Amino acid sequence: MNNKRLTPSILSAAITTVLSTASYGDVFKPATLTPSQSDFGGVGLMQMPTGRMAAEGEFSINGDWTEHYHKYNVSLQLMPWLETTIRYTLVQDILYSSDPSFSGDTKYTDKGIDFKIRLLEEGDYLPETSVGFRDFGGTGLFDGEFVAATKRFGNFDFTLGMGWGYLGTRDNIANPFCKMSDGYCTRPSDTKGSGGMVDYERWFKGPAALFGGIEYQTPWQPLRLKLEYDSNDYSQDFPVVRAGVDMTPATPWNVGALYRVGDWGDIRASYQRGNAVALGVTLRTNFNDTKAYWLDEPMPEPRPAQVANSVDKVDWDKLAGELNTIAGYDDVAIQRSGDTVTIVGKQKKYRNRDEARERAGRILANHLPGEITTYNIIETNLNLPQTETQIDADSFKQIAQQQPLDRELTDAILEKEVEGKTSAETEFDGFDRLQYSFRPTLAQSIGSAENFYLYELGIDGTADVWATKNLNLSGTLHLNVVDNYDKFNYIVPPDGTDVPRVRTLFRAYVSDNALWVKNLQATYFQEFGNGFYGQAYGGYLETMFAGAGGELLYRPLNKNWAISADINLVSQRDPRSAFGVFDQEDQNIPEFGRPFKAAVNQTTGFVTGYYMPQWSFLDSTLFKVGFGQFLAGDVGTRLDFSKQFKSGVIAGAYASFTNLSSEEFGEGSFTKGFYVSIPFDIMTVKPSANRAFFNWQPLTRDGGQMLGRKYELFSVTDARSPWTSRPSKVE
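Residue numbers (the numbering used here): 459 to 1189.
Calculated from the structure, these hints are not laboratory results.
One or more of the hints may lead you astray.
Unchecked claim - Label-pair ranges, simulated between beta-carbon atoms:
hint, residue 1, residue 2, range
1, D747, L1097, 23 to 33 Å
2, A1113, P1014, 19 to 29 Å
3, T783, K945, 21 to 31 Å
4, N1117, L553, 27 to 37 Å
5, Q893, D1176, 16 to 26 Å
6, P680, R1052, 55 to 65 Å
7, S1035, F573, 39 to 49 Å
Note that the structure is a prediction, hence the values are computed from the model and not measured.
C-beta: ideal position from N, C-alpha, C; glycine also.
Produce the complete structure using the sequences and hints provided.
Spelled out as structure tokens, the structure:
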């Protein structure tokens, strides 16, 4: 008989006794217990997860420090039923590699992705129950699966669960799946590739263990206490197996305390295994609750006395100025044809197009005489018409002035497909042929061998000249302000292959060039009508590549789908020359390390589908699926999934799956990354249609890499079926 096994009957009896006692906890003050983060990231106790989910949109940045592990992770409650976590773990007892010239004294860094899916919501009698996967697609250091159930009684939250893999090494209960099939009795010891592959053959196999715990909200609101039974016996931990470190627990029980500093963060401390201290910090926000507070021009009030007596008396310059400052339409052109006035311009200020149109309608009503019966608003971007809005002037003015209860201003507004060109007299043309801007940039890589965090902070200066309404000449000069990419080795890593170095040569372009021509290209845009758009471009297309290409997009108005195709012929730029490109595939440049291959006359392009589901369980999401050829010549699929929260913050992830094997690709097995897009108007006191974009890849390799095109027509035509320009839904 195995003395360390707990029978389900004994354990369930013990839990039932505890729960029945706790049900009398009404003598405590009303519970305000909310889910908290675990040491691994994600809602949990300390080492152990729970069945709980955080509020949808909760975003947490977590750090946890023990003698053997330093963990850094971000956790996002992507859906009410789906929790996601990205984690970096620095193993303090082991170096990244045995080659000091490659990784120096950098600690071994493990990258992992976790997710948890809710199976059952908590009810009067049933616990909240979830299934989770830890270190999904990782190297196997922490991979494990679990099922956890959590039930609240007063100020107590009780959890009982079963774990496999890293969460099952205590082996205190028989694996129930083993009775169904012998294949579940033993967990395969090998993992796929060098991390990054999904080892589903290991799921729920091998030893299993029960775990459990209690989280208690004390009468003092900031303080809560945690107690857990740990299902990991630490016999298979990486420092134990690789370096012979003694991590033997003195007890399976862990105890800890959490202090909630405020809605924005926690600090925590715990005593684990009877011989280890852990300290942790959590910073949090909620993307569903982030509200914008603006200092904005008021909505225009009706001013009949200001209306011009005739069209000839209209102050078109003043009208255009108000359309810009009050309604947010930039580069405005005003046209008149009979009883219709049309304004054409780019919306730069309001994500909420209804507000922009109402403001524009009120401004037009305050300037134009009664002989003008129709207002048209054509929204453009890069001079490409997107949508046309028709406003019935008489109905609009009547509703705006009388404000009847049974009618709204939108009743007088109709959005439609942009009609073809008609003869019209231009009363004002604010087309600006020359535009320029400056913006800060951040390039970063997390978890590299040379240093845990590599970065480059710079400034982009961009100038655009419109030779015609369709032909744009643009250039971007990049100034490197500060970086530590000098630590990034040119020498191909030990797992390097003969794949052309389309991205791992990045340091040569960034760190070794204080000033670099990032982009210099000519682009011709064309709107063909009925939802078809095109562009053709040529020049220095991005930091590392020059060439020419084109794209065609079909995007029907107000539909939840679109499709595009792009094709490009490019060559890799020579970082030793501002305008040179490599003309030979095989390169042997001493300062760049060993000989390598460059991409020369490489064809790359994709057919991409875009889909915004209308299903409630995937609310406010976007799928992008592309099929084609990547920069290194590998062929495959690019998947991109993103979720938009009520505030307008977008969080997404992408992955490239190609015909390169994991051995050919190297560490990471395939390219993957994550990004967050934040509307400016929730960070500033002025409304804005612009966004801040943050992107990072766990590891930069050469397979599965795409060309960084300056313009993508799906983004350019966002107004046709808004994604990035959706209005905030925060109340």
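Status of the hints after comparison with the structure:
| no. | hint | result |
| --- | --- | --- |
| 1 | D747 to L1097: 23 to 33 Å | 29 Å, holds |
| 2 | A1113 to P1014: 19 to 29 Å | 28 Å, holds |
| 3 | T783 to K945: 21 to 31 Å | 48 Å, violated |
| 4 | N1117 to L553: 27 to 37 Å | 33 Å, holds |
| 5 | Q893 to D1176: 16 to 26 Å | 19 Å, holds |
| 6 | P680 to R1052: 55 to 65 Å | 56 Å, holds |
| 7 | S1035 to F573: 39 to 49 Å | 45 Å, holds |
The structure is inconsistent with hint 3 alone, although it conforms to all the rest.
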